[in-house]
Every structure is written in C-alpha cells, then in structure tokens.
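Trainee: Protein sequences, first through last, are from chains A and B. For what it's worth, this note's numbering labels the leading residue of the first sequence as 388, then goes sequentially. For what it's worth, this note's numbering labels the leading residue of the second sequence as 136, then goes sequentially.
Honestly, I wouldn't trust all of these hints.
Straight-line Cα separation of at most 30 Å, DSS-like style, residue types lysine-lysine; simulated pairs [unchecked claim]: (1) K433/A to K285/B; (2) K545/A to K678/A; (3) K137/B to K1079/A; (4) K414/A to K433/A; (5) K1079/A to K253/B; (6) K433/A to K545/A; (7) K645/A to K480/A; (8) K446/A to K253/B; (9) K936/A to K203/B; (10) K770/A to K806/A; (11) K1079/A to K148/B; (12) K284/B to K412/A; (13) K1083/A to K148/B; (14) K289/B to K414/A; (15) K886/A to K813/A; (16) K503/A to K179/B; (17) K678/A to K460/A; (18) K412/A to K460/A; (19) K480/A to K933/A; (20) K1066/A to K179/B; (21) K285/B to K203/B; (22) K1083/A to K137/B; (23) K392/A to K922/A; (24) K137/B to K203/B; (25) K148/B to K414/A; (26) K203/B to K503/A; (27) K928/A to K886/A; (28) K760/A to K770/A; (29) K203/B to K1083/A.
Worth flagging that the hints you see were computed from the coordinates, not collected in a lab.
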Amino acid sequence: MEEAKYKYIGRSVPRIDALEKATGKIKYMSDLSLPNMLFGKILRAKYPHAKILRIDTSKAEALPGVVTVITHKDVPGLNGFGIVVPDMPVLCKDKVRYIGDAVAAVAAETETIAEKALSLIEVDYEPLPIVDDPEEAMKEDAPKIHEEGNIHLHTEIKRGDVEKAFKEADLIIEETFFTGRQDHTPLETEGGVAFVDEEGNLNVYVGSQYPQRDQLQLARCLNWNPKKIRVVSYPVGGAFGRKDELSIQPILALLAIKAKRAVKITLSREESMIAYWKRHPFKMHYKVAFKNDGTLLGVDAYLVEDKGAYSSLGGPVLNLAVEHACGPYRVDNVHVDGYAVFTNNGIAGAFRGFGAPQTAFAIETIMDIASRKLNIDPIDLRKKSALRKGDKTSIGNVLSTSVGTELVLDGIRESNIWKNREELRKISTKPWLKRGVGVALTYQGTGLGVGIPDYGGAILSMNEDGSFSVRVGTVDYGQGIGTSYAQIVAEAMNIPIEKVKVVLGDSFLTADSGPTSASRGVYTGGKAALIASEKMKKTLKEKVSKLFKTDEDNVEFGFGYVYDKVSGNKVTYEELAKNFKEEGKLPEEEGYFLVPTAEIKIENAFGLPHHIFAFSAHTAYVEVNTLTGEVSVLEGAEAVDGGIVVNRQGFEAQVEGGFVMGMGYGLTEHLAIENGIVKNPNFSTYIIPSIKDVPKRIETIPVINPEDTGPYKAKGIAETVMVATAPAITNAIYDATGARIFSIPATPSVVYFAIKEAESEENFD
Amino acid sequence: MKEVEIHFTLNGKEYNLTVPANLTLLQIIRARIGLTGTKRGCGKGECGACTVIFNGRSVSSCLVLAPKVDGSEVLTVEGIGTFDHPHPIQEAFVEEGAVQCGFCTPGFVVSSYYLLSKNPHPSEEEIREGLSGNLCRCTGYIKIINAVKKASEKLNG
Ligand code: FES
Ligand code: FES
C-alpha cells in the first residue's frame, strides 16, 4: 500500500481543532464581543422588484441610542460587489431587485434600538413587475432587472454532429428536468464584528472562504487601502460555498467606520435564508442518443439557470454545468446550450458541486432509463462510455491527469447494497412499502479552470521552541484542511504533528492561497505547504552541516531531530531553533504552487476546461411508502477517487456529510419563492436531514488512484461526494416503484404523483 | 422593557443579574455571562445548537425567558468539560471524528450528556431519538452516533 510508508498521510488523524470546538472554547466570528461595541441591523427591501423613490432616515437618526444610519450615500467607493461582476449594491440607490436587497443600515447601542430604528426609516417605492420565471425573463419584452437585459450569460458548446447521432441512434431519450433552490444552511449564519484600530487598520472578523479576496472587494467598496484591511475568516461554522462571496461585510465595515466604534452584526436564520446565497435552480431539457450496445452517441442539452437578482458566481456555475452536462462519459456528438438568467427570485451563487449536482441529476436519470430500455446492467452501461485517461471529455479536452471512473464503478459494485441488491429490494415489511437500489456516477473538477489565476500559498516558520507554524490563507469551515496541512508538514518535516501549528484565513498573517472552494483546499494549500517544507529542510540542512562541519548530503532527518549520519551527532529542533535565534532570526520559508491547467481553452466558456477531476459512484437503498410518497434512505455507499487520501477519518466524514447533504437536495430541500417572497425561511419549513432521517450506514470506499501533481498524490473530494447522491436516490425510487422522478426535491407529493402516473401508464414490469 | 432580577447557578457558580424580561437564557449566557460555547443556530427551538441542561433537563436555551431563569440551575458545555479537563463525551466526539465545523458540537455534547445521564447504555435508536432535536449540516450524523456509543463505553467501562 502506498500509504504504509507514511507516519501521517493516509491515517485517521483527529481534527486538530476538534477539542477546542467540542468544549466550546474556540471563538467563531459571531462569538466575538468588543468593549463599547454597537449592534448593526440591515433594512431589507419591501418589494422584490421596485424603484426607490425616496429614502428618509431622519427619524431613525433622531432615536436615542442610534449612533449611525447609512444608505447608498455613505458608500465612498464602488457601490457594488461580486466576485465576477460587481453588480450587487452594498446599499441600493434607485432600485431593489430581490426581497433581501439592503437599502439602509443602523448601528445602535442595543439590538432592540437598532431594530426600532429600522422601522423608522421611510422608503417610498414604485413596485415593478416581478420576473420569476427564467424562461419568461429571457423574452425580448420581459421587464428588465438589469439595464443590460436579463440574460447574464449564454454558453454554447458544439462538438461533432449531434443531429447525425440522433439519425443513427437505436434509442433516443428526451426528458425535461427541474432542480430545487437549495440553501446551504451553515449552522452559523452570517455574522461578525468590524472596527478600525489605533493604527488606522480596518479589521473585519467575519467567517468566509477567501480573506484576501474579501479584502480587495472591501477596498473597492470603501475606497480604503487594501493593505490596511485585515480580514480574519477562521473558524467558520459551515460554509459549503455560501461564504465564498461577500454578504454583510461591506455594510458592517461602513457602519464601523462611520460610527468610529466596533460594530457587530449577526443575522437571524430567517434573514440569512431570505437575504443570501443559494444553489441555482435549473431547468434542463435533454435529448440523448444511444446504440443498442449501450454506446452513448450524442447529447443535446438545453440548460436554463435561475440566476436570481445578481451575478456573483452564476456565470462560472453555468459553465461548470455545461462542462459536466454529459457526465464523465465519452461522447463525441455534443450540443450543450446554457443560459444564466436574472430573476427576482432571491440570489444564488457558489454551492458545493457548483452546477454539477443539477446536470448529474439529469444525465444520471437518463443513464438509468437507458439501462432499463436497453436491458444492460446500469454499472456496465456506465462503464461502456466511462472516461479513461487519454480520452476526450464531452467538451473536447484530453484527460491527461488521473481518471478514476472505472475504479469507482468497480468499487461501488462491491458495496454491500449493490452486491446484495436483489435480496434487499425484495424485503417487504408492509405491502405498501417498496424497496429499491439505485446507482449514479459523477465527477468534479478540482480547482478553478483555465484562465483563472489558481495557486496555493503557504508560509512555514520555525518557532522558538522548535515547533513550526504553517500559515495558509484558505479556511477550514469543517472540511478539515487545517488538519491535512498539519499532516503534510509533519510528514514532510518528520516531526510529531503536535509540533505543527496551523494558522488559517487571515489576510494579514497568512499567504494568499486562493479561494477555499472548488475542492481545491488540500490540493493547492497542501502542495504549497509541502514546497515550503522542502525549502525549510534545505535551510536546516545547511545550518546543521555548518554546525557539525559535515557535508550537507550527510545531514538526515530523524523523527523530531536532525543528525549527521557520519558522526552520529544530532540536534533537536528545539536546540536548532535556539541556535538560529542566537545568530539572528528563525527561518521562514514560503511555498507557492501554480495549479496546472489544460492545454486547450474552450472558446466563449470562461474557465473551461478543468484539468484535474475527482470521481465518485454513489448507491442508495431506499424504502418508498407508496400510499404517501415518503422516501426513507436505508443505506448508502460511495466509492470515491480523490487521489491518495490524506486523512482517512476526514475522508469518511466528508463522504458521510456529502451523502446526507445530497439526500436533502434529492428529497426535501427547496427554498420556495412565490412572487419574489420566500415562503419557508426557517428549519421547521425548510427541511434539512436530521439524525432520524439518515441511514444506518454509509459505506465509504476509497479507491487508490494517485494524482501525481498533488501533495502526496492527493486531489480533492469535497464536492463530488454530494453530487451523485440525489440521482442515486431517485433511481432507487424507480427501482422500488416504477415511478420516474424528473424534479427534485422528490418530496412526498412529487413521488406520490409519479407513482400514480406510473400506475396509470401501467408500463412497469 | 421591564427588567427582572434573577438569581441562578450556572456551571456551579452563582449569578445575580438584572436583565430585560424578554432576554432569553441563551442571550444571558452569551452576552451577559460571556460564555460563547452555547450557540445560536436559529433562535426558535429548531436546531439544538443552544442546548443546555436547565434544572436537570435538556432544553433549548433560546426558548427560556429571563423570569424563568430565576432560581434555576444551568449547565452549559463549558460546565461539562474544558479544554484542559475534557469530559469523556467531548473526547469521544474528537476521537470519532464527529466534529467538523463544530458549530453544532456543543449542543450535541450537551444533548449526549443528558441522554447518557438518563440512559447509560442507549441503543442506536435511542441515540437517534435522544439527539433528534439537534441539527448538523456537516457530518451526516454517523460519526456523532459512533461518538455517543464510544462515550457510553468510556463512562461505563
Ligand atoms: S438556537 Fe435554540 S434551538 Fe436553535
Ligand atoms: S459539525 Fe458543522 S454543523 Fe455539525
């Protein structure tokens, strides 16, 4: 086994910050309190789409205890933010475009006063027609949400001759699919504190996924020197993509600057769910051609993404959906036509999977339909077209990095539920409870893609006591990258892991390592930490060779010490640190790593293609109550290729958590917005899986597939592990009942009516 | 808002406070006493992040108003165990990998503490029942269930 030679890599290492968390010692940003701190509140739009005619804050300002009220007039720089296009106003000036749009904000001595002040702000609106259907929004005469029109992005890819494929096909499947508006619901809502310190630095302590980018976006809004903005973004109580983009930060910062005091904002769950980022709902029309032997001949897909009111990462999400629209399959005749369209349906941005969960639901349902129509085992059918190293992906780039499609399919074939599926599906406790097993396959690009700066950075320094600190800008919001970095440094330096201190997510202290997104945290930051460790070892070798007057080649690293293999002289890291200190300063090394990219660029599709991919195959064993349409997931399994596993326990945790988040996506989660108004902004009406909903067992099957470019040959798994769960479940629902699900979440009513339709068609054998 | 005077014991320490009557126990713990291990995930009794032991029972502290706190005895995650002297339940959560972002963890630790004090050897079903008021978005719960099983072994040999 590859990992047997390692002390830390591949082992189950408990999270380095877990005990601080389990004892309540660690302070999240929303736990911070500062002396003399004010409390901020934000006034949101009254209508989902309206002109602002007048804003009058005088009464609010006059309220005792109110220190500051701000509106668009108080934004000194660009009144807009957004990772790609800064089109979301910090505070709206003449128009609101969704019900969570911010119009004004208050800082007051207490939360109650701030709340009261909001009610005293007068805003006159002229309501505009609400645009809530993306396809209607695309029409020429639709009311415009942004002046440039409602189509934010159109990406079209053509390869081969898809019409010819349909002519030659033995089987054509044509269906329309819908996916829901999933809310990340990190347990910690948006919250934190901001203040200007004595040195004139603006400090913003708000959990996020990329402190250095927050710093730049804030500088642009505030007209403030970015070097004087410190963003601290770790620890975070969950993110999943939601905290990649800014949320409350610019308002919080403005309040603190204007009030000249520290300000704290913590959103209620309702406000968080109404006001901030979601997963984009998609409508997808697919037409897919197969040969009788299972060959995938052609795919024609039309994708419409409900962008919501502002851009954020909606363009890249569409492009990733286009790239992943055909699944990890070899197919040479392709037409994928995608649109990202503005509506007044809230706002959507990055979310674990980033466009892949939507298209995976469509293509994996089609693979299931095809396997039944062609009478080919679903795993065999997928294997027939599974991408291999050297193949061209559906958008035409040659896969030259590690490809695990076949490995994960072989892995999932050996899972408990797949091996025993014939017996399992027969188990019946009540005549109306039907059981079934489904499978689905997916892949997910690691990293940001062609044309987007994509690098990892790490600073490694020796401390006075001989321990080391590694400082990386990415953020641990639960995935466990901090622990992985500690493992990587401990392994490379050959030191006990307790001797590695990890500092994350601080724009003043840590190296810029790009965003903590796109399953890239371990891959990029880990590689940078490894490079920094190699440099550090070289520095230590030089030092020790001088110390022992020996050749550098004779210097070797023991566990926690360095020695001269000729004389046997050794020196501990502690002694070495003392020695460095006496002669000047302790060593510090930086590691930077540029993520390799594909050799080609896809025209008119920014960021495509990706170059490195993780792969996973998922199965689900379900029981469907045919009287009510309720679905329980009894067991799950995932076979995952994330390269060499760095932390076995962390790997399992990601798989289990990802599977369960995928269950929510497949079965219950959809933020309902009607006429621009959110209908279910709390945990009693927006249902995420609870401990009672999860299966007894989620089998984790890592496949061994080293990725040569990664740190210790690792890739990233954070997204793929959730992506194919929903289609595995809906395919299992079909297996159990003969009811085909074309719309997720497959709530009881969706499943119930699908069962009724299947019964009326009587075509289930 | 009307103020009330309250006397209560928290983690073995006595407190006398005057607070607005509509303040919740959660706010008292976090903002007045300054212990931030108890979290707010919803403020409405829906997520369990704010769970504490209140007069011997596990409750959502976001639902308890100040007047009720008078005369009560409260135990928070910090009172169960500390970083230097962790409780076996907290150790089990760490060892089993049941902590990811960790924001739900204090609530789960307190609910597990209550469960194991009532039922030292819970079955898997009883664990699920006992923790059903706590939401976690990261772990998928499997490792949390394993942690409670392990804690039960640690505590009862
Ligand atoms: S904060 Fe009390 S139950 Fe959620
Ligand atoms: S560990 Fe993040 S919510 Fe439970």
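Trainee: Would you mind marking each hint as holding or not holding in the structure?
Mentor: Each hint tested on the structure:
Taking the CA atoms of K433/A and K285/B, the gap is near 51 Å; set against the 30 Å cutoff, the hint is violated. Under the criterion of a C-alpha separation no larger than 30 Å, the hint pairing K545/A with K678/A is consistent with the structure, at around 21 Å. A threshold of 30 Å between alpha carbons decides the hint, and for K137/B with K1079/A the separation of about 41 Å lies outside it, so the pair is violated. Only pairs whose Cα atoms come within 30 Å are accepted, and K414/A paired with K433/A is rejected, the gap being roughly 35 Å.
A distance of roughly 20 Å separates the Cα atoms of K1079/A and K253/B; the hinted pair therefore holds under the 30 Å criterion. A C-alpha spacing of about 44 Å is found between K433/A and K545/A, which places the hinted pair above 30 Å, so the restraint is violated. At most 30 Å may separate the alpha-carbon atoms for a hinted pair to count; K645/A and K480/A meet this at roughly 19 Å. Between the alpha carbons of K446/A and K253/B the distance comes to roughly 55 Å, so the proposed pair goes past 30 Å and is violated.
Straight-line distance between C-alpha atoms of K936/A and K203/B comes to about 74 Å, which puts the hinted pair past the 30 Å bound. With a C-alpha separation of about 17 Å, the suggested pairing of K770/A with K806/A holds against the 30 Å cut-off. Pair hint K1079/A plus K148/B does not hold up; C-alpha atoms about 36 Å apart against a cutoff of 30 Å. As the CA atoms of K284/B and K412/A are separated by approximately 24 Å, the hinted pair is consistent with the 30 Å bound.
For a cut-off of 30 Å, the pair hint linking K1083/A to K148/B is broken: about 41 Å separates their Cα positions. At roughly 28 Å between alpha-carbon atoms, K289/B and K414/A fall within 30 Å of each other, so this suggested pair holds. With a C-alpha separation of about 54 Å, the suggested pair K886/A and K813/A falls outside the 30 Å cut-off, and the hint is violated. Straight-line distance between C-alpha atoms of K503/A and K179/B comes to about 21 Å, which keeps the hinted pair within the 30 Å bound.
Using a Cα cut-off of 30 Å, the hinted pair K678/A and K460/A is violated, with the two alpha carbons roughly 63 Å apart. Annotation: proposed proximity of K412/A to K460/A is violated, straight-line Cα distance about 41 Å (limit 30 Å). As the CA atoms of K480/A and K933/A are separated by approximately 66 Å, the hinted pair breaks the 30 Å bound. The hinted pair formed by K1066/A and K179/B meets the criterion: a straight-line CA distance of about 17 Å does not exceed 30 Å.
Distance check on the hinted pair: K285/B and K203/B sit about 35 Å apart at the alpha-carbon level, beyond 30 Å; violated. Annotation: proposed proximity of K1083/A to K137/B is violated, straight-line Cα distance about 49 Å (limit 30 Å). A distance of roughly 22 Å separates the Cα atoms of K392/A and K922/A; the hinted pair therefore holds under the 30 Å criterion. As the CA atoms of K137/B and K203/B are separated by approximately 14 Å, the hinted pair is consistent with the 30 Å bound.
Taking the CA atoms of K148/B and K414/A, the gap is about 22 Å. The hint holds against a cut of 30 Å. For a cut-off of 30 Å, the pair hint linking K203/B to K503/A stands: about 26 Å separates their Cα positions. For the proposed pair K928/A and K886/A, the alpha carbon gap of about 19 Å is at most 30 Å, so the pair holds. For the hint linking K760/A to K770/A, the alpha-carbon distance of about 17 Å falls within 30 Å, and the restraint holds.
At most 30 Å may separate the alpha-carbon atoms for a hinted pair to count; K203/B and K1083/A exceed this at roughly 39 Å.
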